[in-house]
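Engineer: Chain residues, written in single-letter form:
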Amino acid sequence: MTRFLPPILFLAAVIGLTCIPLFADSYGVTLGIGMLGYVTLASAWALFSGPTRYVSLATVAFFGIGAYTVAVLSESMPYPLVLVTAGAVGLGVAIVVGLSTLRLAGVYFVIFTFGLAELIRQLVTWYEVNMTGTLGRYIFLPVTPEGIYWQLLALATATFIISWWVGRSRVGMALKVIGDDEVVAAHCGINIARMKLALFAVSSVIITLVGAIQAPRWTYVEPTIAFNPTISFLTLIMALLGGAHRLTGPLLGAVPLFLLFEWLSAHFPNHYSIILGLVFIAIVFVLPRGVLAFVEENWKRWRRREIKKLPAVAE
Amino acid sequence: MFIAALLSGLVLGGTYALVAMGLTLQYGISRIMNLAYGEMIISAAFLAYVLFSNLGINPVAGLVFAVPFGFVLGYLVYGVMMSPLVARARDKASLEIDSILATFGLLFVIQGVMLVLFGANFTSYSYLNDPVTIFGATLATNRVLALVLALVLGGGLYLVLTRTLWGTALRAVAVNPAAAPLVGIDVNRAARLAFALGGALAASGGVVISMYQTFTATSGVVFTMKALIVVIMGGVGNILGALSAGLLLGLVETFVSTYIDPGLTLAATYMIFLAVLLWRPAGLFGRIAR
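For the record, the sequence lines run as chains A and B. Residue numbering for the first sequence follows my numbering, beginning at 3 and increasing consecutively. Residue numbering for the second sequence follows my numbering, beginning at 49 and increasing consecutively.
Be aware that one or more of the hints could be misleading.
Below, in silico cross-link-like pairs of lysine to any residue (SDA-like), each with a Cα-Cα straight-line distance of 25 Å or less [stated by the list, open to error]:
#, chain 1, residue 1, chain 2, residue 2
1, B, K140, A, L289
2, A, K178, A, I164
3, A, K178, B, A141
4, B, K140, A, G181
5, A, K178, B, Y173
Simulated coverage check for chain B against chain A, where a stretch passes if three residues somewhere in it have a Cβ under 8 Å from a Cβ of chain A [stated by the list, open to error]:
#, region
6, 270–276
7, 317–327
These are calculated hints, taken from the structure and not from any lab test. Beta carbons are placed, not taken as given, at the ideal position from N, Cα and C, and that holds for glycine.
I would like the entire structure built from these sequences, with the hints used as guidance.
Structural biologist: Below you can see the structure in the form of structure tokens.
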């Protein structure tokens with residue numbers, strides 16, 4: 003019975019979430035889009051960075067690539083084809099970045115991804131100024147907010163299923179070994195570079211698609227909007243708060259933090275990033291492995307103490 | 049035009065070298081990968097700007113305030129934020145990840161404070177903005193001064209690190225932190241000192257940058273990035289390596305912006321970074337073992 007419980011709950015949750023736009027007002031749908039977007043980003047981030055422990059700071063690079071591809075191509079191609087192209091561009095960039103950095107020590111990867119968003123932003127700006135002569139584009143697509151919501155929900159569901167499958171498969175085992183000790187992994191016959199590259203590519207394509215799907219919400223896009231570093235930062239915090247090693251960790255981190263940020267940006271627009279930074283530092287210090295791990299450890303410790311107490315009572 | 053590009057390349061490169069030396073101390077000796085380094089630079093640039101435009105103190109004298117400011121800031125950041133992380137780290141890799149995450153948060157805090165205080169506008173001030181002619185090329189005096197300052201500060205630090213017992217102890221920690229205590233070096237003290245020294249160098253770099261460049265509250269990331277690239281090119285913890293790699297990067301950037309396109313300098317920087325990562329991941333002058 004308990005074997006079937008998680009899938010049934012998951013299915014019920016997806017069906018329930020699908021029905022929300024039928025009842026909610028436009029603010030509710032907007033909130034839902036933002037939340038689903040970050041849940042997907044955090045889960046996709048954790049898909050790669052959780053098991054391998056390679057901290058990627060390039061979320062917004064791929065997010066922005068997705069958004070910008072839609073902005074450039076939305077008038078010349080049918081919508082589904084635009085999404086496919088966006089995914090393909092994200093895949094291409096991910097492979098180039100992965101091939102050049104994932105063979106080296108993790109810190110090079112972090113540094114490279116740290117500047118990647120800035121690099122792509124400047125390249126896009128340079129291209130737009132010199133080749134097309136304009137900076138900033140309009141997106142006119144006949145996509146309703148409900149449509150975006152459902153697309154994001156589908157993507158989030160797919161991300162969850164991929165994470166679940168990776169966690170249980172040989173690939174997931176291999177990645178955990180890599181995360182624990184690369185030398186051991188290599189001796190076990192795991193092709194480290196190929197494993198990391200494949201998972202990085204999958205995670206990056208999902209992030210690119212989130213950007214592509216959300217792009218019509220903006221109607222006007224320019225590089226500073228599409229490549230806003232706060233997005234990388236938020237994704238990272240959410241995944242870390244929930245715990246990047248667990249399937250539901252990113253979800254548990256994303257939902258409360260997204261609501262907190264909505265509230266903060268409405269009430270403290272100027273001090274937003276200071277508070278964000280402090281929250282982030284606090285998470286790194288207090289909950290280095292996420293809320294779930296923290297709760298679980300304390301639960302175990304508490305149980306052990308209870309058990310120890312028992313004989314004392316019996317005496 | 050060639051001489052002009054060469055000279056401005058040297059000015060830019062001198063600044064990069066100065067800034068990167070601070071980061072190589074922080075990463076090589078303290079083992080902290082400081083992503084908020086660029087924000088420390090920019091905050092010193094704002095300090096120099098306030099001192100100059102509100103109090104009329106010229107930037108060279110402003111160094112007297114900025115360098116201790118950077119030193120104290122670095123000391124506090126290490127003492128308050130980093131030493132608990134160092135204490136709980138199991139190995140080098142987990143300290144690296146923790147410090148990257150913590151300083152990534154610090155980046156947003158410092159940036160946010162600067163945005164609240166100064167806004168998001170481009171900031172600059174005019175100090176010694178008179179032309180001088182060197183080898184037939186015209187250059188602003190403040191740039192020449194920037195190069196001289198970078199050489200004096202950087203060279204001074206190099207001499208301190210190589211000629212004094214104190215500097216030798218710091219370098220010993222960079223080479224082998226496990227063996228340093230065997231010869232009576234307090235590694236924690238050395239790490240704290242190196243981090244503070246790095247902060248002082250970042251601050252002096254910020255003052256030098258503010259003399260001849262416009263900056264905004266959000267431009268720290270680019271400086272962190274360039275400093276990191278220089279550090280890796282020169283080899284982590286290698287002072288002379290950082291010096292020469294910084295000069296090289298400045299020259300390449302200036303030549304790209306003079307002869308190809310100013311919008312592509314960051315792309316050029318990244319191409320160099322990629323090339324170094326692919327062929328010499330231990331740095332241009334480093335030995336392969338890391």
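Engineer: Run every hint past the structure and note whether it holds.
Structural biologist: Taking the hints in turn, this is what the structure says about them:
no.	hint	result
1	B/K140 / A/L289	holds (20 Å)
2	A/K178 / A/I164	holds (16 Å)
3	A/K178 / B/A141	holds (16 Å)
4	B/K140 / A/G181	holds (14 Å)
5	A/K178 / B/Y173	violated (53 Å)
6	270–276	holds (count 4)
7	317–327	holds (count 5)
Of the numbered hints listed earlier, the single one contradicted by the structure is hint 5.
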